[in-house]
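K.L.:
Chains A and B supply the protein sequences, listed in that same order. Quick note: the first sequence uses my numbering, first residue 1, plus one each step. Quick note: the second sequence uses my numbering, first residue 1, plus one each step.
A hint or two may mislead.
Treat identical chains as interchangeable: a pair holds within one or across any two.
Here are the simulated DMTMM-like pairs of lysine to aspartate or glutamate, each with C-alpha atoms no more than 25 Å apart in a straight line [what the hints assert, rightly or not]:
(1) Lys65 <-> Glu99
(2) Lys137 <-> Asp83
(3) Lys26 <-> Glu79
(4) Lys107 <-> Glu19
Source of the hints: derived by calculation from the structure; they are not laboratory data. If you're wondering where the values come from, they're calculated on a predicted model, not measured in any experiment.
Number of protein chains: 2
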Amino acid sequence: MLTTYKATARKLKNGLQVESESRGFKIIMDEPRDFGGTDAAMTPVEALLCALGACQAIVATAFAKSQGFALEGFHVELEGDLDPDGFLGLSDVRKGFQEIRYKMHFKTNETQEKAIAYADFIEGVCPVGDCIENGVKLVRSGVVRE
Amino acid sequence: MLTTYKATARKLKNGLQVESESRGFKIIMDEPRDFGGTDAAMTPVEALLCALGACQAIVATAFAKSQGFALEGFHVELEGDLDPDGFLGLSDVRKGFQEIRYKMHFKTNETQEKAIAYADFIEGVCPVGDCIENGVKLVRSGVVRE
């Protein structure tokens, strides 16, 4: 059933700090001092990597039993290449990540072959991975002056 | 200059809870009870919306002066449509968001025309928006058993 997920992001008084909120849960984001922030929290592009990794970890955990994979632990290291000259307007490179890589770590007694097959499964199910890999239509529904 | 941003996401002991970390800053994510979680934190797809909104808010704030836009406040409401039947394997719909909409709120004395032009500018600069709208190549760099 199509479900609508919601969030709000609000500029705080403090430099570039932003408070994002969904269902009452909050995340503060900021920028490093080099980019005019106060370095009080992670940046939005780092939060994007965090959301991708968390989605993979949740899928890995949630489907282990039904997929017959004996999972005792999971973590994933992610990294993404981005050239700030893009969003700073100093270069024509794209503004976002040019590539995102990740290494999945399974705590398991399963074989390497089964671990690779389960990694394939996780990639095929992960909703955030689908969004980032395949893109999502973004629609601006309004501009309000207050 | 191409910069590599990093994060790690780790399954916690508690059900589906995950701790994601970047430069020492942490976000906990979880799932609602309906999906087997403990509803202790937002979900990764909600965090994706939060990252997008925060990125727009930071761009709105950081570039206001150089773009000659008198910005006194900014927030953005976001929503995304996703059918959980996709990742649950109950339907062939895509796993991620089918569409993301957002309404930008500017606290400003500028005209509506200038506010719309500034919204266009924000969309064109926002790194997370670029990632989600245009997609990013995802590369699995390894599967490690521990």
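K.L.:
Within, between, both or neither: how does the pair lysine 137, aspartate 83 come out at a Cα-Cα threshold of 25 Å?
P.N.:
Result: close both inside a copy and across copies, 23 Å intra and 15 Å inter.
K.L.:
Please work out whether the CA atoms of lysine 26 and glutamate 79 approach to 25 Å or closer within one copy, between two copies, in both situations, or in neither?
P.N.:
both (24 Å within a copy, 16 Å between copies)
K.L.:
State whether the alpha carbon distance between lysine 65 and glutamate 99 is at most 25 Å within one copy, between copies, both, or neither.
P.N.:
neither (32 Å within a copy, 31 Å between copies)
K.L.:
25 Å Cα cut-off: does lysine 107 pair with glutamate 19 within a copy, between copies, both or neither?
P.N.:
Intra 35 Å, inter 16 Å, cutoff 25 Å: inter-copy only.
In summary, the one numbered hint that this structure violates is 1.
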